[in-house]
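Take the given structure of chain A and dock chain B to it, following the hints.
Number of protein chains: 2
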Amino acid sequence: MRENDFLNWLSSAIPSDPRVPINVGDDMAAVTLDSYKNLALLKIDQALDKVHFDLAIHSARAAGKKAVNRCLSDCAAMACSPAAIMLSVALPNTADENFARELFLGCKQAAEKFNCPIVGGDTSIWDQRLAVTVAALGSSHNPPLTRSGAKPNDAILVTGKLGGSILGRHMTFEPRIHLALELAKLLPITSMMDLSDGLAQDLPRLCARSKVGAIIAPQQLPIHPDAETLSVNDNIPAGLHALADGEDYELLFTCPESALPILFPSPGAALPGNLAKLAIPITRIGTITPETTLHLLGPNDQLLPWPKAGWEHSSK
Amino acid sequence: MRENDFLNWLSSAIPSDPRVPINVGDDMAAVTLDSYKNLALLKIDQALDKVHFDLAIHSARAAGKKAVNRCLSDCAAMACSPAAIMLSVALPNTADENFARELFLGCKQAAEKFNCPIVGGDTSIWDQRLAVTVAALGSSHNPPLTRSGAKPNDAILVTGKLGGSILGRHMTFEPRIHLALELAKLLPITSMMDLSDGLAQDLPRLCARSKVGAIIAPQQLPIHPDAETLSVNDNIPAGLHALADGEDYELLFTCPESALPILFPSPGAALPGNLAKLAIPITRIGTITPETTLHLLGPNDQLLPWPKAGWEHSSK
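From first to last, the protein sequence lines are chains A and B. According to the working numbering, numbering within the first sequence proceeds without interruption in unit steps and concludes at 511. According to the working numbering, numbering within the second sequence proceeds without interruption in unit steps and concludes at 511.
Heads up, a few of these hints could be off.
Cβ-Cβ distance ranges computed for the label pairs, FRET-style [said to hold, decoys possible]: (1) A:348 <-> B:249: 55 to 61 Å; (2) A:455 <-> B:292: 42 to 48 Å; (3) B:208 <-> A:346: 47 to 53 Å; (4) A:254 <-> B:427: 47 to 53 Å.
Short derived list, chain B residues pointing at chain A, Cβ under 10 Å [to be verified]: (5) 220; (6) 239; (7) 240; (8) 246; (9) 283; (10) 284; (11) 314; (12) 317; (13) 322; (14) 329; (15) 330; (16) 342; (17) 388; (18) 466; (19) 468.
The following residues of chain B were derived to be distant from chain A, with all beta-carbon distances above 10 Å [said to hold, decoys possible]: (20) 201; (21) 281; (22) 336; (23) 376; (24) 413; (25) 474; (26) 493; (27) 502.
None of these hints come from the bench; they were simulated from the model. For glycine and all other residues, C-beta sits at the position ideal for the given N, C-alpha and C.
The following block holds chain A by itself, in its conformation from the complex (with noise of 0.2 Å):
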């Protein structure tokens, strides 16, 4: 591959933008920040061979979008927009220019779909698999929502359905950017996170930084088709994937009981209109609660222990 080639063509292939003002032919890009009173938000992300993605199974445009989009479900989680994200490669010395091509117009692709910016890169090549890195600057209107803010007696909601990624949707999951920014304006979400790890690991980070605890009711989480598929092979319940499984890249938030009606009108009544147009689906799961211990609610009410993060490996 012909390194300069390959820069020639992505200075070609990122158009010129307004927003920003130096862009990737200098030491750094500037990138104008619309931001809540100077703050900026940053994230780091990377996606490895045989560990995020594969390239024996997936294409290469197809892992440029996973690692972008795998850090832009982090602007999800926080409410905010992603305002640039800088990309860095390291190529295998077996790929050939059309590869890096696709690969960056992966990043490409789920970068425009959200409007943002690719200001800046870095690609080396060596005789190791393929590494892609992505930072991300996120801009907010309004103070971002962090995983710190639950409190006792609010409600634990999650969007869209989960369990079971593995068999596609890890690849092709789309950041909930717009949908965390609707629940934003609509509802006085105390808390947010996204769920990377799954539900029985991520729960408790939430819970740890907003210094609560929480009671889920398995039976009213919102299984994915793909879980049921799952369990089909394996024997384990769809609900244990459901509660186990990473990469569901759903939102997991609280918010008071009181905003509830908001998101569930009574029966007949039509959703809020922007919520509506959205047609994601949004569960209830549990509650928060003042110790900082958290529970499953057994069929008669009893509280069961929390699962252990990747029991349902060690129990195979």
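Positioned in the frame of chain A, the structure of chain B alone reads:
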């Protein structure tokens, strides 16, 4: 390595910082930006084992330090202060927790030298070699210095001494941030960049962005003693090492000739206060030309062709 133990250690190793209202425990970090007209400056840079360092020779701490300093050198190049950095680390599965800590401490040591908080990170483990990616957010009170402002007849200058960094300086260099900020205060700098790939490759990039050319007097290049040492071994003239070797991480900049007396007062006169304290030599090496070609000045003032990038390898 127990990942959670390392993450716990990591969060204790990152002190709380009033400039970082939301820290590494959330989906994104928030940084207060004391910025110039809401401009955020961004950079991403990777350092790979056996490409940018060699763990068979260099310690984890030295690798971390270099990874961060490479990125901070681009802050110097724009004459901005680093407001925050983020780290993404693909750790080989043969690394133990001590390795991961040492790597992080190297990163931290480099960042602390410039009072720059580490605000986020991502650690994965894989069966490949170490890859460290650093993303920096820069903040500037002045318009950032770019590569695109050089004007015909501007003087071309470099900081420090060039060549032979492979003997060790490529791991131990110090980003010229303080010097860049001082220079930007003292001089009407028209363009600036850092020398990462060597003058022979980097100056054409600056010229291309500025739509100008350049004439360099090779006999005026400040030659590092390391270039002399290399020359004894490989019989390539030290001056060619100074011209073509990479990883000097010195500053290359231009300013109007009329400003030169600020840098070079009459013999015997004192240097401007701040600059004298820095004690890093600054050398004029050439002049910007209106034609968009680059030349070396020969011993009889004839114009010689610019050395091709990588010539020193292909000529052997």
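For each hint, the structure was consulted:
About 56 Å separates the C-beta atoms of residue 348 (chain A) and residue 249 (chain B), a value consistent with the hinted range of 55 to 61 Å. Distance hint check: the CB atoms of residue 455 (chain A) and residue 292 (chain B) are about 44 Å apart, consistent with the given range 42 to 48 Å. In this structure, residue 208 (chain B) and residue 346 (chain A) break the distance hint of 47 to 53 Å, their C-beta atoms being roughly 30 Å apart. Distance hint for residue 254 (chain A) and residue 427 (chain B): a CB-CB separation of about 51 Å, consistent with the stated range 47 to 53 Å.
Taken as an interface hint, residue 220 (chain B) checks out: its beta carbon lies about 6 Å from the nearest beta carbon of chain A, inside 10 Å. Proximity of residue 239 (chain B) to chain A holds as hinted, the smallest CB-CB distance being about 4 Å (cut-off 10 Å). Residue-level restraint check for residue 240 (chain B) holds (minimum Cβ-Cβ distance to chain A is 5 Å; threshold 10 Å). Taken as an interface hint, residue 246 (chain B) checks out: its beta carbon lies about 5 Å from the nearest beta carbon of chain A, inside 10 Å.
About 5 Å separates the beta-carbon of residue 283 (chain B) from the nearest beta-carbon of chain A, less than 10 Å, and the hint is met. This hint holds: residue 284 (chain B) has a C-beta 8 Å from the nearest C-beta of chain A, less than the 10 Å allowed. At a threshold of 10 Å, the smallest CB-CB gap from residue 314 (chain B) to chain A is about 6 Å, leaving the interface hint in force. Given hint, residue 317 (chain B) at the interface with chain A, holds; its Cβ is 5 Å from that chain's nearest Cβ, closer than 10 Å.
For residue 322 (chain B), the shortest C-beta to C-beta distance to chain A is roughly 8 Å, which falls under 10 Å, so the interface hint holds. Hint status for residue 329 (chain B) relative to chain A: holds, with the closest Cβ pair at about 9 Å, below 10 Å. With a cut of 10 Å, the hint placing residue 330 (chain B) at the interface with chain A holds, because the nearest CB-to-CB distance is about 4 Å. Against a cut-off of 10 Å between C-beta atoms, the interface hint on residue 342 (chain B) holds, since the closest Cβ of chain A lies about 5 Å away.
Using the Cβ-Cβ criterion of 10 Å, the hint placing residue 388 (chain B) at the interface with chain A is satisfied: the shortest such distance is roughly 6 Å. Evaluation of the residue 466 (chain B) hint against chain A yields a violated restraint, the C-beta minimum of about 27 Å exceeding 10 Å. With a cut of 10 Å, the hint placing residue 468 (chain B) at the interface with chain A is violated, because the nearest CB-to-CB distance is about 28 Å. Interface exclusion of residue 201 (chain B) from chain A stands, the closest Cβ pair being 15 Å apart, more than 10 Å.
Against the 10 Å criterion, residue 281 (chain B) falls within the reach of chain A, whose nearest CB is about 4 Å from its own CB. Every C-beta of chain A lies more than 10 Å from that of residue 336 (chain B), the closest at about 13 Å, which supports listing it as non-interface. The claim that residue 376 (chain B) lies off the interface holds: its Cβ sits roughly 15 Å from the closest Cβ of chain A, which is beyond the 10 Å cut-off. Every beta carbon of chain A lies more than 10 Å from that of residue 413 (chain B), the smallest distance being close to 24 Å; the non-interface claim holds.
Distance check for residue 474 (chain B) against chain A: the nearest CB is about 24 Å away, which clears 10 Å, and the non-interface claim stands. Interface exclusion of residue 493 (chain B) from chain A stands, the closest Cβ pair being 28 Å apart, more than 10 Å. Separation of residue 502 (chain B) from chain A is adequate, the least Cβ-Cβ distance of about 16 Å exceeding the 10 Å criterion.
When held up to the earlier numbered hints, the structure conflicts with 3, 18, 19 and 21 and fits the remainder.
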